[in-house]
Amino acid sequence: MTYTAWIILTGVLVGVTCGMTGALLILRRMAMIADAISHTVLLGIVGAFFVTQSLNGIPMLIGAAIVGMLTAFFVQLLDSSGVQSGAAIGVVFTSLFALGVVLLSFIGDSVHLDVQHALMGEIAFVPWDTLILGGKEAGPVAVWMLSGVFLLNLAIILIFYKEFKISTFDPQMAISIGVPVVFIHYLLMSMVSFSTVASFDSVGAILVVAMLIVPGATAYLLTDRFGLMIILSAVIGAVSALLGYGFAVVMDVSIAGSMATATGFLFGLAFFFSPSHGLIAKWVRRKNMQKNLNEEARVS
Amino acid sequence: MNALEIKNISVTYDKQPALEDVTFSVPEGSLTGIIGPNGAGKSTLIKSILRLIPKLSGDVKVYGKPYKEQRKMIGYVPQRSEVDWDFPTNALDVVLMGRYGHIGWLKRPGKKEKQFAMECLEKVGMQDYAKRQISQLSGGQQQRVFLARALAQDAQIYFMDEPFAGVDAATEKAIMNLLQEWKKQGKTVLVVHHDLQTVRDYFDHCLLLNKTPVKFGPTDKVFTYDNLQETYGGALSILTQESTLLQEG
Amino acid sequence: MNSLIEFLSNPNTQWVLTGSILLGFASGLIGSFVLLKKQSLIGDAMAHATLPGVCIAYIISGVKSTPLFLTGAALTGLLATYFIQAIVKHSRIKTDASIGVVLSVFFGIGIVLLTYITKNMGGNQSGLDDFIFGQAASMVRGDIQTIAVGSFLIILFTSLFFKEFKIAVFDPNYAKGLGIPVGLINSILMALVIGVVVVGIQMVGVVLIAALLITPPLAARYWTDRLGLMSFISGIIGALSGVVGTTVSTIGEGLPTGPLIVLVTSALFLLSLLFGKSKGLITRFFISKGVRHT
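Listed in order, the protein sequences are those of chains P, A and B.
Residue 123 is where the first sequence starts when you use the numbering used here, and the numbers rise one by one after that.
Residue 3 is where the second sequence starts when you use the numbering used here, and the numbers rise one by one after that.
Residue 24 is where the third sequence starts when you use the numbering used here, and the numbers rise one by one after that.
Only chain P is shown next, with the shape it has when bound in the complex:
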């Protein structure tokens, strides 16, 4: 595969993996918890580095999962002690993220990891960091990690589809019939953490947040079916990656930033032009209703 193809594949994988997870987050009103986790995961990565002294994929995933869970747990803890949820999220994520950034600045320039990188990633370097299997190059590490997390997320959603659906729509009923809603909650949190850390290296925290939240919100404006919303969200994530890459190449600007911008562009399209929930469709419906009312008034 060519250099460009690897980059595009990476972007599309980020879009699909984060997109399908994000649809669930939107429905569960946890967009900002996802935002928090994708920031605090930095602490997990730095922590894993301090323990293992290397930027190895597996310890990074574990560190990220731990800190991701901790974030969700702390937010829940503050929430249940009476702190309003927005403020709880704000305190937890800024604290853990700040800690991550400060620790990161102690590591120094010796390793390929800095604050800039953590925020924006460097997708352009992805194709050069390849996995060596049996002495042969077997594609970029990032693509392998992302593919793994993608398959994991897909499997989790397929296995727990019913449980996700009911615990999202009606958690009380879910508990009453014995669905382990707390387990489902932390399962989703770990999906978010894994998606974040796998995407982190290539696209950075900011694009992860965008890919987790915006495609899901866009899909929410386009469909009234749960399953379709997850699929659409993944597709929109992928399309954003493609559009963003194209724009970045033409304008010679940040690839991750462009992809985030592209998610916003697609969201804007859906916001105005969605046939079911778009601003214009709603406006036309209201006009028609008014017209009908007027005609009825004239007839009677």
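It is worth saying that the hints were derived from the structure and are not from the lab.
Don't take each hint at face value.
[As the list claims (entries may be wrong)] Derived BS3-like pairs: lysine-lysine, alpha-carbon spacing no greater than 27 Å straight-line: (1) A:K133 to P:K404; (2) A:K17 to B:K112; (3) A:K185 to A:K63; (4) B:K61 to A:K17; (5) A:K185 to P:K409; (6) P:K409 to B:K61; (7) A:K175 to A:K63; (8) B:K112 to P:K413.
Computed from a predicted model, the values in this text were never measured in an experiment.
Chain P is fixed; fit chains A and B onto it per the hints.
Only chains A and B this time, still in chain P's reference frame:
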């Protein structure tokens, strides 16, 4: 046979006691209205029985066995306002959720399940709305979808939280019919209820509750002026209307 | 120790410290109202959204001018809050998702513009990067004076309108009945919040400035139930965080200022959470023990 035995349930919110030492037993096949003023802990009682909120203490037995072992016998109809009706799904799908407890892990609802769900929708007169997105249904129609879901669940004991609140006449009738049908089948139903005027028509048993049970028993014995006054305390504005009604009945 | 004294007697650092104290106090003060209005995360989105404003100001003017940057920042920050509200109002998207969408897209645009400037407008862009995490060390005297004067004005205005803010936030309908122009009061409040964010981003950075609005009032809440005292304590916590964080950042070279300030705030929050006089966890534990014994 007692379908449900509640012993010494106490619940506190932060420092405020919400329920104190609630004990009562519900006979099989009874229709019980849970009556009491605002803040009496009516919904809290249901939720603590169903383990949706933590109890300070207390024990629940279903047909003589611990709640956990009998979970499949329990059906729950929450208040309509407690779910997000913008959720991307249709009426039939919501009814199908009633089958989730029976289907088990990993499996999807199949054709048989879908047909059964459709029958449940028919029973509440909602078959024409099966494919309708749930936010496009009226309040009464949403309530009927919840009823159909409860039907689909095929439980032995049902808990309903204010099913009559803000519904139209058709829905009220659908609920009534359903309650009667369940009673005929020997099922046990507990309903949180607000409207004192209809208590005598709907329920054969009453739990008068104000943080702690004031009275429990057959409606004609328990639903008296004196007991209501004890339950509602100073809230006489409702009771003055009610007293005329009671004397008539 | 000597280096600390030397450091403190340097007139430049005295300016920096004054600036950080005033900024911390202002953000803690105004943050109390943001918290009570339940708009903590909107503050966060607003902060992230200032980045494209700074970049656009630079692209249009071509010069590194603090007043221009701050104007741009304020404009896109305001635009972001408008978008958040418009999305919630005109679609089925809920508030948290709306905040998330606006925050990430605005920041993404900011990053795009930042790289555009780096690639197309030459090397003198240095300084813009510092807006992301804040760098007290790289600020010049003029920047600090902007922060100090801006913060002072915000403190002054908040004190002047304190009573109006209080009633408009607590019970807007009642306030309307009293003849208080609630809409206007809310706009002033919003302007002051934008003000804190904008003057603070150079020192704390766009990613973390929201912490200065969110955490101090939350910590203060554990010490008192009275709004007046709460805002004051919140201001003190903010000022303390500002001065300690800035000092550590300036002494330890290269340590980013924003994250350090935030860490101090977080530590103070943790202390309040555990030991706070009115609601702290440990305090509550002892009170409940005492109740049980009597």
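We went through each hint and held it up to the structure:
1. A:K133 to P:K404: holds (21 Å)
2. A:K17 to B:K112: Violated, at roughly 37 Å.
3. A:K185 to A:K63: holds (20 Å)
4. B:K61 to A:K17: Distance of about 24 Å is within 27 Å: holds.
5. A:K185 to P:K409: violated (49 Å)
6. P:K409 to B:K61: violated (35 Å)
7. A:K175 to A:K63: violated (32 Å)
8. B:K112 to P:K413: holds (24 Å)
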